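Visitor: Sequence:
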Amino acid sequence: IRGHHVAQLDPLGILDADLDSFVPSDLITTIDKLEFYGLYESDLDKVFRLPTTTFIGGTEAMLSLREIIRRLENTYCQHIGLEFMFINDVEQCDWIRQKFEMPGVMKFNNEEKRTLLARLVRSTRFEDFLARKWSSEKRFGLEGCEVMIPALKTIIDKSSEMGIEYVIMGMPHRGRLNVLANVIRKELEQIFCQFDPKLEAADEGSGDVKYHLGMYHERINRVTNRKITLSLVANPSHLEAVDPVVQGKTKAEQFYRGDTEGKKVMSILLHGDAAFAGQGVVYETFHLSDLPPYTTNGTIHVVVNNQIGFTTDPRMARSSPYPTDVARVVNAPIFHVNADDPEAVMYVCNVAAEWRNTFNKDVVIDLVCYRRRGHNEMDEPMFTQPLMYKQISKQVPVLNKYADQLIADGVVTLQEFEEEIAKYDKICEEAYARSKDNKILHIKHWLDSPWPGFFNLDGEPKSMTCPSTGIPEELLSHIGQVASSVPLEGFKIHGGLSRILKSRLEMTTSRVVDWALGEYMAFGSLLKEGIHVRLSGQDVERGTFSHRHHVLHDQNVDKRTCVPMNHLWEQQAPYTVCNSSLSEYGVLGFELGFAMSSPNALVCWEAQFGDFHNTAQCIIDQFISSGQAKWVRHNGIVLLLPHGMEGMGPEHSSARPERFLQMSNDDPDAFPQFEDDFEVSQLYDCNWIVVNCSTPASYFHVLRRQILLPFRKPLIIFTPKSLLRHPEAKSSFDEMVPGTKFKRVIAEEGIAAESPEDVNRVIFCTGKVYYDLVKERKNQDLEKAVAIIRLEQISPFPFDLLKEEIKKYAKAELVWCQEEHKNIGYYDYVKPRFRTIVNHTRPIWYVGREPAAAPATGNKNTHLVSLRRFLDTAFNLEAFEGKTF
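In this text, residue positions in the sequence shown follow the numbering used here: the first is 149, and each later residue adds one.
Source of the hints: derived by calculation from the structure; they are not laboratory data. Nothing here was measured: the structure is a model prediction, and the numbers come from that model. Certain hints may be false.
Mimicking DSS-like on lysine-lysine, the simulated pairs with C-alpha atoms at most 30 angstroms apart in a straight line are [what the hints assert, rightly or not]: (1) K932 - K889; (2) K261 - K412; (3) K574 - K542; (4) K707 - K676; (5) K923 - K891; (6) K261 - K549; (7) K926 - K955; (8) K956 - K923; (9) K956 - K970; (10) K923 - K650; (11) K375 - K412; (12) K549 - K255; (13) K889 - K610; (14) K255 - K571; (15) K1008 - K926; (16) K878 - K926; (17) K878 - K923; (18) K194 - K412; (19) K923 - K951; (20) K979 - K951; (21) K932 - K955; (22) K955 - K891; (23) K375 - K261; (24) K509 - K247; (25) K411 - K571; (26) K640 - K650; (27) K255 - K412; (28) K571 - K286; (29) K247 - K194; (30) K346 - K574; (31) K878 - K951; (32) K707 - K650.
Whenever a hint applies, use it, and build me the whole structure from the sequences.
Guide: Quick look at the structure:
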């Protein structure tokens, strides 16, 4: 239980890995501690019968007390510190005890030792080579933890031996180039090519620094002679943000292979000690580890414990004894190991791989090491850690220590060691020479998730058209009928739900859909076409607003459920709908990773309220908005963000559309050239699509378009709350049949459109406010004088359609109306683009709420007063007279 507190874990011999030099009083590490147990020095040579709770005797049943203590200290107090007795499962604890307590378990044959030495040579000499060639370049080298490379290779070898075919990895920047070179086996010239300052990127996009890039590679594992696929996921400097992304990608690969127990696909996550303890997403990811819709059946976590974070001492960086204590919440065993003992590290890695395969649970390896240089190669660590770095300057590298040990033991000769070094140095030099010929960098060589067959060989879409997104009426009727039924016999549903299903059937019979039924139609039709649909988030099965009810619960039998969507057709794709843990950052990252795996899936994450996406802002900023530009990685993730001003307060109103629009990459000042299929080419050029649908048909079409497009872009949908049940927010089957498609702009269709020359004002808007405007226009009898035009797609901006509408109403005043405050919402995005359309010749007036710090009021009366005020302004035809543009 407590041996790890005194284990010799720090290679430098100056710090206690658990931040505490106190020795627990019940640890027998010296003779005088015997008295704690009522034993004395005279008892040391007495022979005792070993209890069945220990394995230290092996086949022996009797040992002297002196030998018992020696064996226990050798197991628990040397270079390996074990934390596992908090696990509340006797079988699991005994399994670990047997692996470490049995005499002679940590023995390696000479061949294994020579392999380990060769891997250490590659790990060490790779860093030395980069240091010689590019002494003034940042590379975030692995010096001080060179053992990480043979550690990863050991985990992969052991896992491959047990049947693993695909390993997905995520890691921070330290050591990434070494992992790419020596674990994934990326061509060295491609890595060296990245250091060329005159390099030109041949692909579109901004690219990223070399130590953020990912990779995908299939090769033969030379130890097992089996095929293995390795993928390292690209990630930003936000160190632990990649954790849930890796887990989502792993889950997807397992799902598509039917690998329900994780016996073919697994994940390895590498962490730094400071980030592992400090970043909340680590905790969020751990809490996904055993949830059925999210589990990857065990992850091996490797913590590179430098015992420092940039310049921050661990005593100032965490409150827990170890950086790994967060893993205790899921009963993951934690193996601390001194990284200057390569054989101890290899043994721990073998056991970790076996644990994951046996119990399908997470395990943590804490490599207690040091960082030979500063935070990066340009940094001076002596400013802040003088004593530590004086010791580091004297520290003999692990390669030299281990080579000396093997030479002394006669396992290798000095000549063989030197030849191994010369062989790898020659490999590096030859690759360096070849890298000079690579004048152009192809980022596509660094793809971590290739989609075979989806794009042309050059990586471009196979076409630039999108077919109609409508479907035959008989399919609509069939889906509507199943959505209104309970496909299982003897299944008792709630009385309130019976009424909901009945109203769905009535709508289907009447050929209309509301929001929930429109979504059902989109999902169901894609399932028929073989597209897997996954909907995940907090309470998505029922829906936050009790509108969806995709999972029915038997009122009489606990845990008996029914998902009608999975009973639409015999040969349909599966539908996955799953309530998530109360996490945004972790779960959105997970779904993003899931969407990476295949282009033939619709993966949706829904926020409980759109406001809550801001706790996942890191995933949105670093991966979703800019992922394609940085890593040439298409992703079709869909974000469903409930949005609307209804007096519900500042945290249940705004999905912050302004943030998504600010990050959209279309140019507000450039009027685009309209091509044959302008809509599709404009979508191809954008970084993501932002829509605010006002009708169920719009929602239906945009979801289907997401899959029918010949490429993948993230889709941000501001979904409604009150519109879910608004009597006017319904669509006819006629708007969803073949030949129909998503309307980026819904033009005025009333009296005003018949006599455009008589229209005094055109109000442009998006989303729910349209229904308020229509009602007010009718109340004021202005249906002939005012036209109302809806933007269903806000970004990329529908320049072509809006130009036609503005031309149609040549004499009218142009107004942008939104229910959000002026500094929030869409106005700052649409204003310059409208001005570009009219070439700055006509003003576009703003109508909406005044600027405010909070996005909404929580006072119902204040909400209604401000609504009344801006509706009055919207239809006051003299409101802007005399004002200058």
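Visitor: Measure nothing beyond the straight line between the CA atoms of K878 and K951; if it is 30 angstroms or shorter, mark the hint as holding.
Guide: Cα-Cα ~28 angstroms, so holds.
Visitor: Take the C-alpha atoms of K1008 and K926, compute the straight-line distance between them, and say whether it is at most 30 angstroms.
Guide: holds, 24 angstroms
Visitor: Is K707 within 30 angstroms of K650, Cα to Cα?
Guide: holds, 24 angstroms
Visitor: Would you check the hint for K955 and K891, treating anything up to 30 angstroms between C-alpha atoms as holding?
Guide: holds, 19 angstroms
Visitor: What's the verdict on K549 and K255, does the C-alpha distance respect the 30 angstroms limit or exceed it?
Guide: holds, 18 angstroms
Visitor: Hint check: K923 vs K891, CA-CA at most 30 angstroms. Holds or violated?
Guide: Measuring from Cα to Cα gives roughly 22 angstroms; hence the hint holds.
Visitor: For a C-alpha distance cap of 30 angstroms, please report whether K247 and K194 respect it.
Guide: Since the Cα atoms of K247 and K194 sit roughly 27 angstroms apart, the hinted pair holds (cutoff 30 angstroms).
Visitor: Against the 30 angstroms threshold, does the CA-CA distance of K346 and K574 hold or violate the hint?
Guide: holds, 25 angstroms
Visitor: Is K979 close enough to K951, meaning Cα to Cα at most 30 angstroms?
Guide: holds, 14 angstroms
Visitor: With a cut-off of 30 angstroms on the C-alpha distance, tell me whether K261 and K412 pass.
Guide: Cα-Cα ~28 angstroms, so holds.
Visitor: Compare the distance between the alpha carbons of K375 and K412 with 30 angstroms, and conclude whether the hinted pair is satisfied.
Guide: holds, 12 angstroms
Visitor: Need the status of pair K571, K286: alpha-carbon distance at most 30 angstroms?
Guide: holds, 26 angstroms
Of the numbered hints stated above, those contradicted by the structure are hints 18 and 25, listed in ascending order.
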